[in-house]
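*Asks:* Each chain is listed here by its residues.
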Amino acid sequence: MATAVGYLYVLAAVLFILSLKGMSEVKTSRWGNWAGCAGMLVAVVSTLMAVGIHRYDLLILAVVVGSIIGVPIALKLPMTAVLQRTAMSHAFGSMAVALVGTAEFYQRAPDIDTFTVAVLSAEMILGYLTFTGSSIAFAKLQGLISGKPFIYPGRNFVSIVVLAIAAALGIALVINPSWGFLLPIMAGFALLFGFLLVMGIGGADMPTVIAILNAYAGLSAAALGFVLNNKVLIVAGTLDGSSGFILAILMCKAMNRSFVNVLFGGVGATVTSSKGAVKETRTVQSYTPEDLATMLEYSRHVVIAPGYGMAVAQAHYAVRELQDLLEAKGVDIKYAIHPVAGRMPGHMNVLLAEANISYDKLFDLNEINPLFTETDVAIVVGANDVVNPAARTNPDSPIYGMPILDVDKARSVVVIKRSMAAGFAGVENELFYLPRTTMVFGDAKKVITQVVAALRQ
Amino acid sequence: MSTEFTQSDVVVNLLIFLVTSFLGLELIRHVSRLLHTPLMSLTNAISSVSVVAALVVIAHAKDNFILTLATIGVALAATNVISGFMITERILRFFKKGNEGEKK
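Quick mapping for you: the protein sequence lines, in order, are chains A and B. Residue 442 in the working numbering sits at position 442 of the first sequence; the count goes up by one each step and never skips. Residue 94 in the working numbering sits at position 94 of the second sequence; the count goes up by one each step and never skips.
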């Protein structure tokens with residue numbers, strides 16, 4: 001029986017790998033998801049076959065609870081809230097792993113070998129800190145707490161001390177596994193560290209942080225696989241971990257920042273606080289939505305650069321309508337997608353896809369930038385830092401060196417924005433003051449709906 | 001399935017970890033940029049195979065405290081598995097190209 005299960009685990013691992021392989025293209029992606037599903041089924045069924053479960057009542061209860069929470073989320077959740085769900089799922093996944101690790105420790109302590117305790121301690125610390133970290137990320141994204149980074153003097157020192165205490169308690173457990181009473185204290189410090197870590201992070205850094213938490217959740221699952229000598233868990237956890245890791249690197253590259261800077265830099269707080277002192281006196285040109293409609297009617301090439309503002313205003317359906325109308329008038333429409341636009345890797349792509357916008361109209365940073373010189377109008381919908389030319393020109397700017405969408409190279413630029421407030425990095429945007437830039441103030445959805453109405457006349 | 005393991009198991013597991021890491025990095029690097037959000041929900045669902053670990057612990061649990069922790073673990077992981085695969089499917093269905101988008 002045990003050998004049969006071993007082979008089935010290999011099958012599950014292969015299915016998981018094929019699942020990720022499927023994600024390399026949109027065409028094969030749904031197939032990939034089904035492969036993942038099948039892998040999960042194989043893994044769970046073969047485990048149930050191998051171990052003698054006496055408490056099926058508890059299992060059924062757990063699965064029923066899981067379905068009651070999981071199914072409505074999956075079916076009803078609006079796409080604009082996918083990032084909150086992602087944060088929540090990291091919290092759930094890491095908590096599951098941390099609790100099972102804790103159970104395993106108490107199950108086997110004190111007759112437990114050094115290697116196992118060491119891995120267990122690391123796994124629990126990682127799991128618990130990812131739980132609070134992801135919960136705070138969820139609360140920030142959901143608007144339950146302020147999205148601004150919570151910064152105080154000596155913040156990094158306090159965080160590191162807290163983590164060091166958790167690690168020291170973990171080492172104490174390794175030295176003497178009979179000190180089981182230390183475990184809850186260690187868990188407490190790990191939870192506190194996750195809390196402190198993500199409290200200090202601002203909205204613009206969320207894509208990176210979500211990706212890092214993803215990597216942690218995966219790594220802690222892999223560590224649990226080591227403890228239980230469960231190979232399919234090692235494979236699945238490692239795949240999840242490397243995925244989070246790669247995404248985090250991509251996000252950091254897209255912002256020209258390092259991991260350390262994202263986690264400990266606290267960008268967005270210091271700059272925002274000093275901003276109030278400088279009174280902005282320069283003026284900008286502004287248009288009404290009707291002016292914008294007229295301008296668009298006489299354009300040939302239009303590029304739309306969406307940002308988090310489009311997600312907040314839920315303007316993606318209105319954008320789709322605008323695209324249809326303009327295309328009917330012979331205008332060519334493209335979308336410029338910055339890797340960190342929004343609050344999650346791939347955030348804009350999902351929203352635009354939801355609005356039925358063909359994905360061959362979505363262009364990556366490197367693909368679209370050379371095309372801006374041939375663009376008549378670049379429309380910036382609720383994006384700010386990712387189109388700020390200061391990233392190219394001003395070495396003093398906190399975002400200097402970040403690759404941006406070169407919308408300022410288009411013949412004219414229209415920025416749809418609620419107010420002149422700075423972006424999440426708290427940086428003034430030179431783009432708004434350029435002679436070729438015009439602002440249209442208002443909620444993105446309202447403005448675009450008005451433009452659409454004007455075009456219909 | 002025994003949770004007692006030998007030195008050679010550790011070596012084999014490390015090997016699996018390393019090979020999967022490299023394979024994972026290669027696979028993820030080739031994931032379409034369009035699909036980064038569904039990728040996160042998919043890998044999250046996959047790593048919730050930790051439900052298997054919770055099952056093993058439940059099978060051997062020596063007292064009710066351990067049983068409770070592991071059962072909560074099953075519930076949390078099951079939530080992720082169920083909602084993870086379902087929402088990935090929902091997101092992926094949105095991605096359409098060219099004329100496919102017109103049908104709706």
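Note that these hints are calculated values from the structure, not bench results. Quick caveat: nothing in here was measured; it's all calculated off a predicted structure. Don't take each hint at face value.
Claimed, not checked - Taking lysine-lysine and the BS3-like style, the derived pairs with C-alpha atoms no more than 27 Å apart in a straight line are:
hint, chain 1, residue 1, chain 2, residue 2
1, A, Lys334, A, Lys27
2, A, Lys334, B, Lys96
3, A, Lys27, B, Lys96
4, A, Lys253, A, Lys76
5, A, Lys76, B, Lys96
6, A, Lys21, B, Lys62
7, A, Lys27, B, Lys62
8, A, Lys329, A, Lys253
9, A, Lys76, B, Lys97
10, A, Lys334, A, Lys361
*Asks:* Now, for every hint given, state plainly whether the structure supports it.
*Replies:* Comparing the hints with the structure gives:
At most 27 Å may separate the alpha-carbon atoms for a hinted pair to count; Lys334 (chain A) and Lys27 (chain A) meet this at roughly 21 Å. For the given pair, Lys334 (chain A) sits about 15 Å from Lys96 (chain B) by alpha-carbon distance, which is consistent with the 27 Å threshold. For the hint linking Lys27 (chain A) to Lys96 (chain B), the alpha-carbon distance of about 9 Å falls within 27 Å, and the restraint holds. This hinted pair does not check out: Lys253 (chain A) and Lys76 (chain A) have alpha carbons roughly 34 Å apart, beyond 27 Å.
Distance restraint check for Lys76 (chain A) and Lys96 (chain B): the Cα-Cα separation of roughly 21 Å lies within the 27 Å cut-off, and the hinted pair is therefore satisfied. Proposed proximity of Lys21 (chain A) and Lys62 (chain B) is contradicted: the alpha carbons are some 41 Å apart, above 27 Å. At roughly 48 Å between alpha-carbon atoms, Lys27 (chain A) and Lys62 (chain B) are farther apart than 27 Å, so this suggested pair is violated. For the proposed pair Lys329 (chain A) and Lys253 (chain A), the alpha carbon gap of about 38 Å is over 27 Å, so the pair is violated.
Note on Lys76 (chain A) and Lys97 (chain B): the hinted pairing holds, with a Cα-Cα distance of about 24 Å set against a maximum of 27 Å. Proximity of Lys334 (chain A) to Lys361 (chain A) is assessed by CA-CA distance (about 5 Å); at most 27 Å being required, the pair is judged to hold.
Checked against the numbered hints listed earlier, the structure breaks hints 4, 6, 7, 8; every other hint is satisfied.
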